[in-house]
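**Q** So you can see what is in the structure, the chains are spelled out below.
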Amino acid sequence: MEFLESILVTPFIEIWESPYYFIELVLVGLSTGVLYSLVALGFVLIFKASGMFNFAQGAMVLFSALTLVGLMEHGVPLWAALILTVATMVGLAFLVERFMLRHLVNQEGLILFMATIGLNFILEGTGQLMWGSDVKRLEIGIPDQPFDILGGKILLNTFDVTAAFIGALLVVSLAVFFQKTPMGRALRAVADDHQAALSVGIPLKTIWIAVWTIAGIVALVAGIVWGAKSGVQFSLSLIALKALPVLILGGFTSVPGAIVGGLIIGVGEKVAEGFWGPALGGAIENWFAYMLALAFLVFRPQGLFGEKIIERV
Amino acid sequence: MFYREAGQFKTTYQGDQAVFPVFQDKVAVILVILAAYAVPLVADEYWLQAIFIQFLVFALMAIGLNILMGYAGQVSLGTGAFAAVGAYACYKLTTNIEGMNVIVAILLSGGCAAAVGVVFGLPSLRIKGFYLAVATLAAQFFILWLFNKVGWFYNNNPSGTITAPPRELFGVLITGPSASPEARYIVCLTFLIAFAWFAKNLVRGRIGRNWMAIRDMDIAAEIIGIRPLQTKLLAFAISSFYCGVAGALMIFCWLGSAETEAFDLANVSFRVLFMIIIGGLGSIGGSIMGAAFIVLVPIFLTNFPPMVGLDISTALQKHLEEIIFGVMIVFFLIVEPEGFARLWQILREKLRKWPFPY
Amino acid sequence: MPDGIQTPTGRVVGDVIMKVENVSLSFGGVRALDNVSFDVREHEILAIIGPNGAGKSSMLNCINGFYHPQEGAITYKGKRRDTAKPYEAAEEGIARTFQNIALFKGMSTLDNIMTGRGLKMKRNLFWQALYYGPALREELEHRAKAEEVIDFLEIEAIRKTPVGRLPYGLQKRVELGRALAAEPDLLLLDEPMAGMNHEEKEDMVRYILDVNDEYGTTIVLIEHDMSVVMDISDRVVVLDYGKKLADGTPDEVKRNQDVIDAYLGVSHD
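Protein chains in written order, with our numbering: chain B, 1 to 313; chain Y, 1 to 358; chain H, 1 to 269.
In case anyone wonders, no lab produced these hints; they're calculated from the structure. All of these numbers come straight from a predicted model, not from anything done at the bench. Wrong hints could be hidden among the right ones.
Within a straight-line C-alpha distance of at most 25 Å, the following computed DMTMM-like cross-link-like pairs (lysine to aspartate or glutamate) qualify [said to hold, decoys possible]:
id : chain 1 : residue 1 : chain 2 : residue 2
1  : H       : 85        : Y       : 336
2  : H       : 105       : B       : 5
3  : Y       : 149       : B       : 5
4  : H       : 145       : H       : 185
5  : H       : 122       : Y       : 218
6  : H       : 105       : Y       : 336
7  : H       : 105       : Y       : 216
8  : B       : 136       : Y       : 216
9  : H       : 254       : H       : 225
10 : H       : 120       : H       : 91
11 : Y       : 200       : H       : 138
12 : H       : 19        : H       : 247
13 : Y       : 318       : Y       : 261
14 : Y       : 128       : B       : 108
15 : Y       : 318       : B       : 108
16 : Y       : 318       : B       : 73
17 : H       : 19        : H       : 138
Construct all of the structure, not just a fragment, from the sequences and the given hints.
**A** What follows is the structure in structure tokens.
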């Protein structure tokens, strides 16, 4: 009875009693949410363009961040390291297309998904092989100062704000790209049906390389921001798993969905941990996102913004 | 090698449907099983403990996952969670109930795992493919969190680990630190053979066909009368039962004790997924082959380089392992999506005709 | 009420077993079916014809319970079909083939046909796991029945072949086999002869007629080949843009001006 009360009643009372803490959690949640959105974006891109759920996106985040940090550790200046890393991601896109995608044209979704699981492991192993597996610090000059607003009642951090800003910028550019440019249209055609797209002359190969490159760059940005926040380490690749609930909420094919989904998950997690965590022993963040996604799946499988699929026989 | 089959014509449907239609194959399988039982006579403790018992436990889990993914077409990343349910249930049953026969405990824990599997399989009516993977991931994370947080599950042991208490079967110690590897091996082997046989029986009959129908075209399946929810939930139940039993065996007959980490994504869920992809989706024999392969690769990587004079650190070995697995998965998916099972089939067909090309 | 009415084709047809009443179906803004009504009598062969997109397959899908029409009712043997679940159609004795083949590609011909027998197989999980004993007996019993269907359709040679590897015409035949294996009272065929050459068509027609002859199976058939339709049907329903244009014997429909304008055209010789 007491337990039920502590879940269904007390947290709401606490929210009411400490609104500033609540708002703080919301804001922190928003900034984490932006980071989730960033990673989810990479997924949406590849899914839109190839109908494939790229499980390796997380490993790409890790790999790109590792490459950047690794280069910098070897004395390469930031600007050069950035260029080289981007070049590496382009090269990776080429390799993936040449050795993997090309051979899996028009295979079923499940097979493609599993291929990306394989790719995930390849990237994780290679990245750590090349650059070592200890945690690395990433200093790229993002200011990291706590500051307060509203006269000391809400504590924020310049880092989070900057990250949110970078994320928002990237997201807006991508949204514009998909909706307004010819290449964006081509990408959407490819997402619908590989063979049909081929038959109208869309160069599948180029599209895929383009998409994976963009996804790689998105991964790099996500990697930089996450890495600067908590160090570049293996657990970055697990963020990919967090992106799944984001995509469920937002819909797999929707860029605005990835944004909204990421924010909701980010805020949801933090608020749940803050107000419900104590009653449940803490660390709810581990599973909260998935349970939320599960609930969504049952009631609204296509997510908030996804397309409802009508099946025909 | 047509001569092998010479004179063996099937005159009944039963003969036609046999798992091993060719007489020599029947004999071969019996010999393999006998040889498997004889292994403890020749193998040393390291081999039994590190390789064989691990293989048997994972082969059972692979069969379980294959039933769910390969036959019924439902994606699951929650294998670790279901195995954990089996393990923790068995732990609680044996520590809380005096005099419970350990085999009964293992089977009951399988039942618990089956129940949990059904609950997390409920969303499968509305969602498919890798959307369903999310539901099973929810199971994976939530269940392991539960077993970590709620002390009741590990008898409030301060270290958080569960340890299998010593239990006997027919007077022989089969669990606990003093149980001999031979005894534990025989127990696991028997479980595997029995359950592999049950699985094979299920998949070649009405239930297996229903699963495959749902996998291949669920709308058409429903229209011809197959009830999707019941069929999918049955798959979840049986698959989780197998994983639960394997999980219980993992703690009781292989590791002896463990924490929830032993059942996490990397150690179980993904590993078993690789086993069935490489071994062959939709194949019982393939699950076993895949398990053997995945268990052997790390052992190979540990032992082979020193043999040729190379010195590889454990970290490097782990990375290499990851890369090799990844490459093999992509390779198999491109070249032979049906895995070892299909390759074995092709080999046998070629051998049939050997030495003729056609 | 006479026991059976003899139709122009010589078949003896019974009472009405299915009523489609004022059925309307929409998807979003698209009206697939608009106030369609017709009857199906037992033992008859009814053809539904019309241009592509007229709503013919949607009609069958409504009968199966896969689509639920927004208006109207479909009653089969006294029970409502349109609000029921798809698997209940099979339980009522309705079997179906599909326009785009819906075979289980991962299974062999024999297994596909055996799935058609699935509803008749009762042995539970326990016996299935043991296999030997009651489950095996049941399996063999139904195997024998499946083999009868295989025999009837002359597909013995491909019974162990995975259906994904079969040519289109044979796949259609296997799909018919799966439907027949269920021993249905009502058989819904969606363009069973599409994409076949003349000989294959003749074979299919022969099978359909034999099934109706021997077992009295009621057949509702969507088909574009007019010679087939006019030859074998007792009655024809014509759909266009979701609306019913005509409903009557083949001769009546052939002479109906609306039908000629919309679909049949006039032969110039």
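**Q** Does each hint fit the structure? Answer for all of them.
**A** Each hint, compared with the structure:
1. At most 25 Å may separate the alpha-carbon atoms for a hinted pair to count; residue 85/H and residue 336/Y exceed this at roughly 38 Å.
2. Between the alpha carbons of residue 105/H and residue 5/B the distance comes to roughly 53 Å, so the proposed pair goes past 25 Å and is violated.
3. Proximity of residue 149/Y to residue 5/B is assessed by CA-CA distance (about 19 Å); at most 25 Å being required, the pair is judged to hold.
4. Taking the CA atoms of residue 145/H and residue 185/H, the gap is near 16 Å; set against the 25 Å cutoff, the hint holds.
5. Proximity of residue 122/H to residue 218/Y is assessed by CA-CA distance (about 21 Å); at most 25 Å being required, the pair is judged to hold.
6. At roughly 17 Å between alpha-carbon atoms, residue 105/H and residue 336/Y fall within 25 Å of each other, so this suggested pair holds.
7. Only pairs whose Cα atoms come within 25 Å are accepted, and residue 105/H paired with residue 216/Y is accepted, the gap being roughly 6 Å.
8. With a C-alpha separation of about 47 Å, the suggested pairing of residue 136/B with residue 216/Y is violated against the 25 Å cut-off.
9. Pair hint residue 254/H plus residue 225/H holds up; C-alpha atoms about 13 Å apart against a cutoff of 25 Å.
10. For the given pair, residue 120/H sits about 9 Å from residue 91/H by alpha-carbon distance, which is consistent with the 25 Å threshold.
11. The hinted pair formed by residue 200/Y and residue 138/H meets the criterion: a straight-line CA distance of about 17 Å does not exceed 25 Å.
12. For the given pair, residue 19/H sits about 14 Å from residue 247/H by alpha-carbon distance, which is consistent with the 25 Å threshold.
13. Simply put, residue 318/Y and residue 261/Y have alpha-carbon atoms about 17 Å apart, close enough for the 25 Å limit, and the pair holds.
14. Restraint check for residue 128/Y and residue 108/B: satisfied, since their Cα atoms lie roughly 13 Å apart, inside the 25 Å limit.
15. Restraint check for residue 318/Y and residue 108/B: not satisfied, since their Cα atoms lie roughly 31 Å apart, outside the 25 Å limit.
16. For the given pair, residue 318/Y sits about 23 Å from residue 73/B by alpha-carbon distance, which is consistent with the 25 Å threshold.
17. Annotation: proposed proximity of residue 19/H to residue 138/H is violated, straight-line Cα distance about 36 Å (limit 25 Å).
When held up to the earlier numbered hints, the structure conflicts with 1, 2, 8, 15 and 17 and fits the remainder.
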